[in-house]
Each structure stands twice: as C-alpha cells, then as structure tokens.
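Trainee: Listed in order, the protein sequences are those of chains A and B.
Each residue of the first sequence is one higher than the last, beginning at 0 in numbering that gives the first Met the number 0.
Each residue of the second sequence is one higher than the last, beginning at 0 in numbering that gives the first Met the number 0.
Just so you know, these hints were derived from the structure itself, not from any lab.
One thing to keep in mind: the hints can contain errors.
So the derived list for chain A, only partly shown, Cβ under 7 Å to chain B, looks like this [what the hints assert, rightly or not]: (1) F35; (2) R147; (3) H274; (4) I277; (5) V284; (6) E285; (7) L290; (8) Q294.
Beta carbons are placed, not taken as given, at the ideal position from N, Cα and C, and that holds for glycine.
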Amino acid sequence: MIEVDAVIIGGGIVGASAALFLSKAGRRVALLERDFCGSHSSGVNYGGVRRQGRPLSQLPLSQRAHELWGQLPQLIGIDGEYQRSGHLKLARSLNDLHALQHYAVSSQGFGLDLQLLDRHELRARFPWVGDVTAGASFCPDDGHANPRLVSPAFAQTARRHGAQVHEQCAVTAVEHDGQRFRVSTQTGLELHAPWLLNCAGAWAGTLAAQFGEAVPMHAGHPAMLVTEPLPLVMNASTGVEGGGIYARQVARGNCVLGGGQGFALDDARARPGQHAVIEILRQAVELYPFLEGAQAIRTWSGTEGYLPDRQPVIGHSSTQPGLLHAFGFAGAGFQIGPAVGQALTEIICSGASKTPLDAFSITRFHSISVA
Amino acid sequence: MKAVVIIGAGPAGIRSAQTLMAHGVRPVLLDEAARGGGQIYRRQPENFKRSAVKLYGFEARKASGLHQTIDALRGQLDYRPETLVWNAEDGALDTLHEGRAARLEFSRVIVATGATDRILPVSGWTLPGVYSLGAAQIALKFQGCAIGERVALCGSGPLLYLVAYQYAKAGARVVAVLDSSPFSAQARALPGLLSQPATLAKGIYYRSWLTAHGIPVHQGATLKRVNGEQRVQSVEWSNAKGEHRLDCDAVAFAHGLRSETQLADLLGCEFAWNPLNRAWLPQRDHAGRSSVAEVYLAGDGAGIMGADAAEMAGERAALALLEDIGYLIPPQRPDSLERSLQRISEFRNGLERAFAFPEHWASETADEVVVCRCEEVLAGDIRKVVREGHWEINRVKAHCRIGMGRCQGRMCGAAAAEIIACESRRPVSEIGRLRAQAPIKPLPFGLEVEP
Ligand SMILES: Cc1cc2nc3c(=O)[nH]c(=O)nc-3n(C[C@H](O)[C@H](O)[C@H](O)COP(=O)(O)OP(=O)(O)OC[C@H]3O[C@@H](n4cnc5c(N)ncnc54)[C@H](O)[C@@H]3O)c2cc1C
Ligand SMILES: Cc1cc2nc3c(=O)[nH]c(=O)nc-3n(C[C@H](O)[C@H](O)[C@H](O)COP(=O)(O)OP(=O)(O)OC[C@H]3O[C@@H](n4cnc5c(N)ncnc54)[C@H](O)[C@@H]3O)c2cc1C
Numbered sequence: 000m001i002e003v004d005a006v007i008i009g010g011g012i013v014g015a016s017a018a019l020f021l022s023k024a025g026r027r028v029a030l031l032e033r034d035f036c037g038s039h040s041s042g043v044n045y046g047g048v049r050r051q052g053r054p055l056s057q058l059p060l061s062q063r064a065h066e067l068w069g070q071l072p073q074l075i076g077i078d079g080e081y082q083r084s085g086h087l088k089l090a091r092s093l094n095d096l097h098a099l100q101h102y103a104v105s106s107q108g109f110g111l112d113l114q115l116l117d118r119h120e121l122r123a124r125f126p127w128v129g130d131v132t133a134g135a136s137f138c139p140d141d142g143h144a145n146p147r148l149v150s151p152a153f154a155q156t157a158r159r160h161g162a163q164v165h166e167q168c169a170v171t172a173v174e175h176d177g178q179r180f181r182v183s184t185q186t187g188l189e190l191h192a193p194w195l196l197n198c199a200g201a202w203a204g205t206l207a208a209q210f211g212e213a214v215p216m217h218a219g220h221p222a223m224l225v226t227e228p229l230p231l232v233m234n235a236s237t238g239v240e241g242g243g244i245y246a247r248q249v250a251r252g253n254c255v256l257g258g259g260q261g262f263a264l265d266d267a268r269a270r271p272g273q274h275a276v277i278e279i280l281r282q283a284v285e286l287y288p289f290l291e292g293a294q295a296i297r298t299w300s301g302t303e304g305y306l307p308d309r310q311p312v313i314g315h316s317s318t319q320p321g322l323l324h325a326f327g328f329a330g331a332g333f334q335i336g337p338a339v340g341q342a343l344t345e346i347i348c349s350g351a352s353k354t355p356l357d358a359f360s361i362t363r364f365h366s367i368s369v370a
Numbered sequence: 000m001k002a003v004v005i006i007g008a009g010p011a012g013i014r015s016a017q018t019l020m021a022h023g024v025r026p027v028l029l030d031e032a033a034r035g036g037g038q039i040y041r042r043q044p045e046n047f048k049r050s051a052v053k054l055y056g057f058e059a060r061k062a063s064g065l066h067q068t069i070d071a072l073r074g075q076l077d078y079r080p081e082t083l084v085w086n087a088e089d090g091a092l093d094t095l096h097e098g099r100a101a102r103l104e105f106s107r108v109i110v111a112t113g114a115t116d117r118i119l120p121v122s123g124w125t126l127p128g129v130y131s132l133g134a135a136q137i138a139l140k141f142q143g144c145a146i147g148e149r150v151a152l153c154g155s156g157p158l159l160y161l162v163a164y165q166y167a168k169a170g171a172r173v174v175a176v177l178d179s180s181p182f183s184a185q186a187r188a189l190p191g192l193l194s195q196p197a198t199l200a201k202g203i204y205y206r207s208w209l210t211a212h213g214i215p216v217h218q219g220a221t222l223k224r225v226n227g228e229q230r231v232q233s234v235e236w237s238n239a240k241g242e243h244r245l246d247c248d249a250v251a252f253a254h255g256l257r258s259e260t261q262l263a264d265l266l267g268c269e270f271a272w273n274p275l276n277r278a279w280l281p282q283r284d285h286a287g288r289s290s291v292a293e294v295y296l297a298g299d300g301a302g303i304m305g306a307d308a309a310e311m312a313g314e315r316a317a318l319a320l321l322e323d324i325g326y327l328i329p330p331q332r333p334d335s336l337e338r339s340l341q342r343i344s345e346f347r348n349g350l351e352r353a354f355a356f357p358e359h360w361a362s363e364t365a366d367e368v369v370v371c372r373c374e375e376v377l378a379g380d381i382r383k384v385v386r387e388g389h390w391e392i393n394r395v396k397a398h399c400r401i402g403m404g405r406c407q408g409r410m411c412g413a414a415a416a417e418i419i420a421c422e423s424r425r426p427v428s429e430i431g432r433l434r435a436q437a438p439i440k441p442l443p444f445g446l447e448v449e450p
C-alpha cells in the first residue's frame, strides 16, 4: 500500500506537469501511466506551441503556459527543440482574412501581439507561402517544439523531484471510502490519497462517469506526416483559418504536416488513414509550393479527446470532493498542458487556481443527457 | 468484384499466381520491381542479353523456369509491375504506380514480400564503396557490373559464399571472404545441414571452388572497420590470430537476411518472436494462413527459408486460399509440400547454427558507429537513451530517431534492437517490436489520384 498526497492518472503532458509542480511544492505524488509517459497524444502531436486561434477563454491559461515554455530548459532540463519561430495563420479568402482581423481585435490585451499581413506583405515576408493565400495573421512569439522529447521529460523531471512514476501501470479501480481515494492498478499496486487527478486524456470519461458526471467526449485522430529533410525554408509554423493543412519545419529540415482525420485501430492506437494522407500530399503543395516532389517518409496519428464545444474540462469534480479533472483538450493541449498542471497544483496547495477556470467546469454538461 | 491479390512477384508470388490460375482464379499480382523474379532470380533489363547460366549459375534452370512461368502467365493474369503497395487498411491496398495513387480492394491477399539483407554496421560502413551482399549481387545480376576492382566480402550467411563465388566467376577480384562465424559452429551444424544434401553440396562446392582459385577464406573473422577518405581503401579485421588489414576498393557485407513484414503488420497480422530468425514474424500455420482470415503469407517475407521453400510456400498458400473459398484441390499435394517445407526448415535450422549470429556485435560496437544512416543516429545515441531508462524500442525510437528515417527501420531496426537489448540487459525478444507505419516506402507530394 502506497500513501501519497495525490494520485495522478495519466502520464501525458497534463498529468506529468501536475506531478512536476506538485513535487516541487513538496507534495508526495504518484503518477500512474498505463503505457509509457508521453506515448499518447502528448508525445505524438504535431508540436504546435501556439496561442493564436484559441478561444478567448483559454488565453489567460495559454499565456501562462507561454511563460512556462519560455523557461523550458530550467523547467525540464532540455530545450525540447522549442523555438519561437512565430505562428502564421493563413487565410485562403478575404472572408477568412476578415475572420483573422476580427480575432486580432478581440484578442487584444492578452499579449499575442498579432500582426495582420495582406497578400503583398505576406509574399514579401514569407515568400515560400503559396499564391492561394489572401493574407495571414502572424503571432511572432508562438512556435513549435518536439513533443516526443518534451512530454516524457516532464515525467522524468517530476521523478527527479521525488514523484513516484509508475509506467505500464494501468489504473483498474478507483473507490472513495469517505476519507480518501483507494486506487488499484493492473500491476497490483494499491495507493491511497486525498487527491485524485483525472488526467487520462481521451480515456478520462470512464472515471468521470464512475463518479456520476458522464461527459459527451469522443476520440479524434488527427493525421500527421513528415517529409525527408529538405533545405530550410519555413521560418514560421503555419495553420489555416477555418482548418486545413498545418505545417512546420524542424531545424534538421524535415517538414511536419497535419490535416484531416485518421481512424482508431483499437481503443489506444490510431492510424492516419490513406484518405487523409493522400489529401495532405495533394493539397499541401498549393499552400507550400516548395513541397512539390518532396517525399513523405512516415505518417502517424494519435488518440485525442474532444468535447462538443471543443473546450477542455479542468477543475473540481462536482460530485466528489478531492477529485480534479483535466481532459478533453481537443487537439490543442500540448501548448497549454504545463499551465494546466500548474493550475491543478494551485488548487491543491492553495485552494484555487490563479487563472480562472470557470469556463472549463464539468458542470457545463450536466444538463445534457448522455446516451 | 473484389480481387484475389498477390503482393510480390518473387518465387513465392509467382508460384502462388500459377497455382491460382491453374484452378481458374485470376489474381492481381502486384510487384514493386519492373520485371518478375524477386530477389534471387532478379532479371536483367530487357536489353541485356546474358545467359541464364552466366547470371544464376546452379540456379539457372530454376530461374528460367520461374521466368518462363511469369512470362506465360503475364497475358492471362492481372500483372502490375512497378507498383508499390504502400499501405493496407479496411480490406484494401493502397498502391503507387508512376506517381499515381490508387486503391485495390481485395477479397483475399497473399503477402509474398520477400527479404533484404540484415545489416550490422561497423565503423566506416557509410563510405562510398560499401554495399550489402544483396546489393553487390544485384549489381552483378541486374547491371552486370561488380562493385569494385578489389572486393572484400564480409559477414555471414549462405549469401556470403554465393556472392563470392559469383563475383570471382564473373572475373572480379575477391581479395578475401571474411566469415564471422567460427568453423566450430559450422561443424556442429552439420547434422541439420545433411537434411538437404544437394544444397549443402552446393555450399561446400562454392567454398572449395574459392579456395581452389586462391581466394582467401577466413572463418571466425570479424570485420572491425572500413577505412578510406573519399571511398573505401582498406578494411581492418580480427580473428584469434590477431588484427589484420587488407587493401580493397569495395566491401560487401551482411549477416543473413531479414523478412519484409511491414505489410503483414499493416494488414493486422499477429506477430510472434522467432528465435531462429532473431526477429518478430507474422504468424502463419503450415499452410501459410495468417491470424487474419483473408491474409496468407508465403516466402521469405514471413521467415527466411530460401528460394526453393518460397516456391513451395507460394503454392501451398495458394492451395489454402483456394480451399478456403470452396475450390477442390489435389488431395495429396498439400501434404507433400508441407513435408518438403519441413525438411527445408530443418536444413534452415542447421544453416542458422552454421552462420551463427555474432552475439558480441552489440557489445563490441563503438559509440561512434552510425547505426541509422538516414537519421545519422550513432550507437552511442541509442545507448544514451537506454541509460535514461528507456528500453522499449518504439520509445527509444521516439527519443533518438532511430528507425524514423527514409527506410523506416528496415535497414537499422535489427541492429538497433541488438544495441538496446545489450545496453538494457534484456533479451532482444523483450524490448518490443518496431511498429510499421505507412508509407512502407516514401511517397511524393503532388501525386495524382486514380478516380
Ligand atoms: C495528432 C495530434 C496532433 C496534435 N497537435 C497539437 C498541437 O500542435 N498543439 C497542441 O497544443 N496540441 C496538439 N494536440 C493535442 C495535445 O497533444 C493533447 O491535447 C495533449 O497532449 C493532451 O495531454 P494529456 O496529458 O491530457 O493526454 P495524453 O497525452 O493522451 O495522456 C493521457 C494518458 O493517460 C493514460 N491513461 C489512460 N487511461 C489510463 C489508466 N486507466 N491508467 C493509467 N493511465 C491511463 C494514457 O495512457 C495516456 O498516456 C494534438 C493531438 C494529436 C493526437
Ligand atoms: C539480394 C538477395 C539475393 C538472394 N539470393 C539468394 C540466393 O542466391 N539463394 C537463395 O536461396 N536465396 C537468396 N536470397 C533469399 C531470397 O529472399 C529468397 O531466396 C527468395 O528470393 C525469396 O522469394 P520470395 O518470393 O519470398 O521473395 P522475393 O524474391 O524477395 O520477392 C519479393 C517481391 O516482392 C516485392 N515487394 C516487396 N514489398 C513490396 C511492396 N510493398 N509492394 C510491392 N511489391 C513488393 C519485391 O519487389 C520482390 O519482387 C536472396 C535475397 C536477397 C535479398
């Protein structure tokens, strides 16, 4: 039997950063991960570290994450290939450009410093962008990082600060005996703690449902692809207003692209699917003409949780004191993850998060009946 | 109607096709190569006119037989050369032919994707002038040229002596054959090898021929490094007697073969660790049925057994397929094929002992040796990740890019597994299996799609 202050289910970037901040604050923590830390969404995502384009309600938390990303080496001991290349959101039509203008106005005051570029300015500053674009919005301090390195490093650093990290250790049963949680794992561990953090990503719905607060979450599988190393041309990470193909280039020259949806192979594994892959290969050259003739060497996908409003659930359970949820990041939790871990830590250590979390309360689904 | 599809026009795929045709089932035969024949009986370009005997030696009759079979079937079956199968999902295969992507739905599929060399890198192996044994043989068979003027052939496996013989026969100067397996292992293996006396005789013949023609053959000889500035200038090797150096301008090396299993993986076949092949292989029963009802496996793509076995396994898998879709098949044939396959598999056991895997390779490989040349990952990079606590091969891949490049681990996967196992002190069977991802080979941007 293991007695700790908090048990965290899920070793993705959210659970691992909670483990890191809690251990730094002197709390005894056990992080339980079914597979390997950072082997799901957190380790296989596109690697976009961007604030631009998020709903306004996420921007305070996202801004906080931005500061944490700025200290990444101090935080996790590696640079994680993080670079503030800037994030360029492309508009394919004047309508889309208006939408970007609208966002730039409404997000003022959150520190994004967006720069709107018309067709000519875009060509002049980013000549590698295709002619189909009508303009863009540029966020100079957004960027990208290598998720394969960053997310596991959060767990590794948490361990260095004293957290118990158990990998290949699925949680199989959770009970609350009126005093504390009793958590059992497939490997036969039993853990007791007054706090339980549900950071189980796309799989978090099961625990929420067990405590009587089922959520209408579904799993999605963004399709990803990477090229062989190419000459360096992209000096910003990109996305497209209204969705489409996003792309970035890493320092060694490979371009990483995403777009469209793959499919689930089983509960925990996903593939990008030939349809999405072919669409990326065909359509990317319009937006990024330098890719013509380049070769894609690998494709992949992941399993991510989406709620109907594409906003996460973060904060207290409404039915079980001591239970905290943080899941449903809708394809955008990599950037914000470290700040979520920090906010959860504040709830445990000082009673409330410094950043408002009201928009993310699980109670917003209570009136919705879940079939 | 959904097609019966065969992937791979090597000995296994061609015999599968022939068997299906003989029963009135017309398959689609997909092959990445331009002309049927597979690895061993790879054909020269149409305008080359060397004789079969010159190209295939002892194997000339078999090679011609197989080529005649495919030439005769060509017009009747739906044969699609230069067609890469790059993905499989949802009962369909995704293909690429001359820059066009297409889908082919299948009712049943026989996977006969063959094998490539197993490479265990040494210092200097990325220098120009270093080839795999298979590539050296292909240069000879396909292009009619040798890889150099003074060639050193190294590693182990039956291909080592065969390629040496073929090179010498073709007039190339073989400066030495450096066989990493000790003579004692080969003596111990003799009982198993006696189950296929003819094949054994051939092997002995190659070796005596080499000796008779003054070509130095060293056993228990470990290739240590390849030296050179712009290209290969010499090799260093060692044996019980000490360290040696040998001038040469080209090197070919490999340690046996490895199965091409990615498609079986994408098709959902179950895999199991196979100690003999020292690899994860898709599981098949004696007839070639995989764990997936519609998928059959034949030839070296599901475990290395050589060309003769590939032909038989191709026929056997086709018979299983026919039986499963309600055709009457010759009642004695499956048993007789399975018995022959069993005999070859005993021989194969012997071969594996004769050409023992160099167990010390991983511990003796220096940190500076490039293991993955696509991503320039060094042995030391892999070890560093292992020392950080990772031991599962897909995790190690995520951390140091081993197996993430162009070849997707087909070249470096086996070597990486050995280093991970050695460094983490686990058996190589206990570090997990590199998961296959599409595309099996690189795909170009801007491709066209068949409607
Ligand atoms: C392909 C893809 C691309 C993306 N691109 C971006 C991007 O560019 N930018 C961005 O900000 N976000 C992106 N995201 C989203 C981002 O990756 C996720 O929102 C984020 O990683 C979520 O982190 P997490 O810790 O909640 O989830 P996860 O990383 O999924 O971690 C949850 C963990 O819980 C474990 N678990 C589940 N059940 C149990 C159990 N019973 N016991 C123990 N452990 C359990 C799982 O094994 C898993 O490791 C992308 C996501 C995907 C899939
Ligand atoms: C270079 C080389 C030389 C060899 N020489 C000998 C020898 O002399 N004697 C011996 O007994 N064995 C030899 N072998 C072993 C050889 O694997 C077998 O003997 C025999 O070729 C196996 O037959 P197969 O039909 O299983 O596969 P192969 O002959 O390898 O044929 C497989 C075919 O599948 C095709 N293919 C693979 N993947 C795909 C894909 N994704 N899409 C489309 N097509 C695909 C390949 O292009 C190939 O044509 C050699 C192997 C190699 C690599």
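Trainee: It remains to establish, for every hint, whether it holds in the given structure.
Mentor: Evaluation of the provided hints:
1. A hinted interface residue such as F35 of chain A counts as satisfied when its beta carbon comes closer than 7 Å to some beta carbon of chain B; here the least separation is about 5 Å, so the hint holds.
2. The beta carbon of R147 of chain A comes within 4 Å of a beta carbon in chain B, closer than 7 Å, and the hint placing it at the interface holds.
3. Nearest Cβ of chain B to the Cβ of H274 of chain A: about 9 Å, over the 7 Å cut. The hint is violated.
4. The restraint placing I277 of chain A at the interface with chain B holds, with a minimum CB-CB distance near 6 Å, inside the 7 Å limit.
5. Taking 7 Å as the C-beta contact cut-off toward chain B, the hint placing V284 of chain A at the interface holds, the least distance being around 5 Å.
6. Given the 7 Å rule on beta carbons, the hint for E285 of chain A is violated: about 10 Å separates it from the nearest Cβ of chain B.
7. With a least beta-carbon distance of about 4 Å to chain B, the hint placing L290 of chain A at the interface is held under the 7 Å criterion.
8. For Q294 of chain A, the interface hint holds, since its Cβ comes within 7 Å of a Cβ in chain B; the closest pair sits about 4 Å apart.
Hints 3, 6 from the earlier list are contradicted by this structure; the remaining hints agree with it.
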